[in-house]
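> Sequence:
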Amino acid sequence: MNPAEITVVIPALNEEQVISRSVHSAVSAGAIEVIVSDGGSRDQTVERAIEAGASSVVRSMPGRGVQMNFAAHLATGQFILFLHADNELPEQALRQICVHEEAAWGAFQQQIDSRRKVYRLIEWGNDLRVRWRQVPFGDQGMFVRRTLFEELGGFAEIPLMEDVELSHRLRKVQAPVLLQGPLQISARRWEKKGVLRQTLTNWMIQLSYARGISVEQLAQKYYGS
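366 is the number that the numbering used here gives to position 177 of the sequence shown; each next residue is one higher, with no gaps.
What the hints contain is simulated information worked out from the structure, not anything from laboratory work. Incorrect hints may have been included.
DEER-style ranges, computed between Cβ atoms [as the list claims (entries may be wrong)]:
1. His-289 - Pro-251: 29 to 35 Å
2. Leu-396 - Arg-309: 20 to 26 Å
3. Arg-305 - Ala-193: 36 to 42 Å
4. Arg-378 - Ile-402: 19 to 25 Å
5. Ile-239 - Gln-323: 32 to 38 Å
6. Glu-340 - Asp-232: 32 to 38 Å
7. Ala-399 - Leu-341: 17 to 23 Å
Backbone N, C-alpha and C fix where the C-beta goes; we use that ideal spot for every residue, glycine too.
Given these sequences and hints, build the entire structure.
See below:
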């Protein structure tokens with residue numbers, strides 16, 4: 190297998206400030222196609238994605254799970270890599286997947302774009318979660334063999350935790366592989382809300398989800414926090 194057999198899907202909604210970099214990183218990594226699934230942006234997201242080299246930009250109903258499923262139905266690669274709009278792939282990312290083509294799915298180590306030492310701790314914790322709990326998050330560049338993704342029915346079309354829900358199903362098939370990457374991650378969520386507050390919110394959401402709290406309730410708390 191080679192990078193030209195991997196599709197990159199990027200869900201986006203009003204991401205004109207960052208979409209060019211994520212699309213360009215996927216193109217530079219050698220993806221067979223880069224599909225941007227737009228959830229109804231009212232800014233220049235679509236135009237900038239096209240300018241950056243996206244193979245196609247499709248219009249979808251909003252919702253990350255919905256958008257990723259919609260684009261995944263159009264994918265032709267052996268693997269699909271789901272990339273958040275504020276993430277960037279390193280040039281060697283797809284080659285790393287090719288080296289581990291026996292793996293059914295996996296994700297990447299991260300590098301958050303800040304020199305603050307607290308972010309190195311967050312990166313370490315995210316790596317540990319994948320290795321210990323076998324649960325990558327969406328901002329770790331989840332990738333999955335397309336036939337397996339289709340067999341499992343794709344992402345649950347829920348307002349939050351679609352990445353965790355899919356990870357729980359995938360880990361029953363095979364443990365994920367964690368690749369070196371590193372995936373470049375925007376620090377904007379932590380910087381906007383504060384590192385401690387954002388981290389505690391993430392932990393609260395994960396714990397509540399594990400306890401069976403509905404994703405609708407969690408979404409209200411998360412997006413309203």
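> Hints broken by the structure, by number, lowest first?
none
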